[in-house]
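Participant: Which chain is which? The protein sequence lines are W and U, in order.
Counting in our numbering, the first sequence runs from 566 upward without gaps.
Counting in our numbering, the second sequence runs from 49 upward without gaps.
There could be a bad hint or two in this list.
Derived lysine-lysine pairs resembling DSSO-like cross-links, with alpha carbons at most 27 Å apart [said to hold, decoys possible]:
1) U:K242 / W:K573
2) U:K103 / W:K650
3) W:K670 / U:K242
So these bits of chain W aren't anywhere near chain U, every CB distance computed over 12 Å [said to hold, decoys possible]:
4) R577
5) T731
6) A756
Keep in mind that the hints were calculated from the coordinates and are not lab data.
A virtual CB, placed ideally from N, CA and C, is assigned to each residue, including glycine.
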Amino acid sequence: MPREAARKGGVRILDAVKMYGAEGSGVLAVDHCTFDVPAGEITVVVGPSGCGKTTLLNAIAGFHSLSSGSIYLDEEMLCGPGRLKAAPGPDRIVVFQNGALFPWKTNIDNVAFGPIMQGLMRRRHAYEKARQMMADAGLRGIENNYPGEISSGVRRRVEIVRALMTDPKILLLDEPYRALDSLTKSVMHEALLEIFYRNRVTIFFITHDLEEAIFLGHRVVIMTTRPCRPKKILDIDIPHPRDYSVLTTRRFREFMDETAAAVHEEAIKAFDAGEKER
Amino acid sequence: MSESELAVDMAPNVTSWALTRHRFSEWLKSPRPYLMLIGFAGFLGFWYLSVEVWKLPRFAEMPGPTQVLREWFSPDPTYGLSVFVEEYYLHIWVSTRRIAIAFFLATAIGVPLGLLLGWSVRFKQYVFPVFEFLRPVPPLAWVPLAIVMFQGSETPVIFLTFLASFYATALNTMLGVESIDVSYIRAASCLGAKRWQVFRHVIVPGALPFIFTGLQISVGVAWFSLVAGEMVSGQYGLGYVINTSYTMVRYPTIVIGMVTLGIVGYVTSAAIRFLGNSMMQWRVRELALGGDR
């Protein structure tokens, strides 16, 4: 399964515009955004809080409509002229900022939820696969616990396993590690990369943490503050597989130096504009 | 493979009963029960002294605690009602039965209505204004119409009891649905759940904590309006006991009725709390870990 998945999940965003509120008086959240998310790679979008990057993710996921422009998934139009809101679907699974494991279901019930809802597998097979996937991700032993009983870092990992159960084309991660402390975060990064190497699923990752972006991404898209538009797109040529030793390499520092100024500039603009934390 | 998961798998065996037992033994070890006893002793002591010893001006007519206790546990009560009299249990039974019917109806109608109100914006736009208009009308104001609308003495009382319960249940259920984080609904539809699957797997369980809060309130207000209803009509029930004892000048019996109401009311709400805990294991276990996430 991992091999052919490598060619799936490329997203092309073409001239996307999102305006909130009434025409004219509205707030422009996304301003003529165009960039590619290459299939089988990790693309990280970095921008100040509230810049509109989540709006873009919501448009790909099908939670919000675009005002104009179009988004393609593997050459297939998700939304565009004539249909400005994509339909949510199991080919694009979101991992939410605050986590969205159902607290009333046990971890394994959560993981097996997707295939059962989609009628893809018999219950027994779904649970077998869920058990296997959790074991592969080092999550054995917590199957019958509820999400409220495990740490938030482990919850995030369970949520990613849940997302991978039905082989989505692309994972959409919306600042998934925002609420974690930096030690947990570093463990989570390596765990995410490990999952990525095993599954080769395309990942679209949103963050405001530049170091996280460069460490994880094949491609880093730095956004301007609201309205958001790519300010700088970098291809990070640090070879994969990566681990934490990358952080101390010269190449990594060079990327940091190259981008820090751009990000900082946007952060100041965002601050001056009195943007609220979103 | 599944047999080898020992360490963490112990936790799922925490049942609400085990938790209740654990909490009870912790409670006995803390100073709380003893402080509570002192509180009760203070209250009863004040009652005793002011009524039976000092005979304070406004208290002289009141039944004292020893008088009430003697009457309550007397095989041959002066005013006709004690734990040895069959009629006492008949009153309790009649009131409890009315509560049970009214509460059952309020839940059976209130929960689905609340779910619909929270789930469908269109439905809410039709129904909610009417609901909000009727809700502030106190059950007692319904007494005349209830008597006109329903035959006999039983149905009007049940109707009055039902009303307040119904509002509490429906409103809390609606708020429960509205309190659900939109991320859960989005996650479910991302994972391929259809609309009714989202309803069954996200909306209903997500609203459950609020629903049970509603049921707790509901059973409380049911007793409120039951007693009011029973004072107006009927030949049995604890509200009836209190009211007739007043007109017949059987003061200790009034207090027996009041205390009995307190006990039975407490038992019903504890039963609902217990039911809620056993239906929401995830919450019980989350709270057992001391987290309120």
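Participant: Next, verify each hint and record whether it holds.
Facilitator: Hints, one by one, checked against the model:
no.: 1; hint: U:K242 / W:K573; verdict: holds, 25 Å
no.: 2; hint: U:K103 / W:K650; verdict: violated, 79 Å
no.: 3; hint: W:K670 / U:K242; verdict: holds, 18 Å
no.: 4; hint: R577; verdict: holds, 21 Å
no.: 5; hint: T731; verdict: violated, 7 Å
no.: 6; hint: A756; verdict: holds, 19 Å
Hints 2, 5 from the earlier list are contradicted by this structure; the remaining hints agree with it.
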